[in-house]
Structures are given as C-alpha cells and as structure tokens.
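Chemist: Put together the whole structure using the sequences plus the hints.
Anchor point for the sequence shown: position 28 equals 121 in this note's numbering, and the numbering is continuous, going up by one each time.
To be clear, the hints were calculated from the coordinates, so they are not data collected in a lab. Accuracy of the hints is not assured; some may be wrong.
Stated by the list, open to error - DSBU-like cross-link-like pairs, simulated, lysine-lysine; straight-line CA separation at most 35 Å: (1) K118 <-> K161; (2) K167 <-> K96; (3) K161 <-> K121; (4) K147 <-> K161; (5) K119 <-> K161; (6) K147 <-> K175; (7) K118 <-> K147; (8) K96 <-> K175; (9) K165 <-> K96; (10) K135 <-> K121; (11) K165 <-> K131; (12) K157 <-> K118; (13) K147 <-> K165; (14) K131 <-> K147; (15) K160 <-> K96; (16) K119 <-> K165; (17) K175 <-> K160; (18) K165 <-> K135; (19) K135 <-> K175; (20) K135 <-> K96; (21) K153 <-> K167; (22) K167 <-> K135.
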Amino acid sequence: MEKEISFSEAVLGTNIEVPTLEGMKKMKVPPGTQCHTKMRLKGLGIPHFQGDGKGDEYVKLIVKIPKKVTEKSKGLIQELAKEGI
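Modeler: Here is the structure:
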C-alpha cells in the first residue's frame with residue numbers, strides 16, 4: 094500500500110493513519126523520512142494460510158512535492174536551500 098505525506102511531514106516527522114485489515118491504525122513517521130521508504134506494520138497483514146498468526150503490512154511512503162508554490166513558500170524553500178536542506 095502507498096501513503097502520501099507532505100514534504101514537511103517527511104522532514105519533521107509525524108503520525109499518520111493507514112488502513113489495515115483491522116481498521117485504521119496510527120503509524121509514526123520518523124523525522125528525515127525519504128521518499129519510497131517502506132514502513133512495516135508487524136502482524137497487521139494477511140492471515141497465514143496454514144498456522145496461526147498474520148503477516149506484516151508494508152506501507153510505502155510517497156513524499157508529495159507541490160507543483161505550484163506561493164511566493165512566500167518559494168522564499169522559505171530558498172532559505173532552506175541556503176542551509177543545505
């Protein structure tokens with residue numbers, strides 16, 4: 094499953110909700126998360142075919158990059174670029 098997060102959420106970290114077979118679950122996204130990072134939700138995947146337990150669910154994080162930015166946002170991003178971010 095893929096889940097989109099914003100640039101600021103990827104940089105600063107956040108808590109998001111993702112759908113699982115058991116309903117919506119919270120997941121912590123650590124600061125500095127990169128695009129296409131796979132996060133594991135242990136034991137929240139499909140039940141094993143034979144035996145007890147369930148597999149894991151994996152969530153691929155996609156960092157959204159805005160197509161259009163305001164002048165204010167552009168200035169802030171330029172300041173971040175000067176800092177090497």
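Chemist: Enumerate the violated hints, using their earlier numbering and listing them in ascending order.
Modeler: 4, 6, 13, 18, 19, 22
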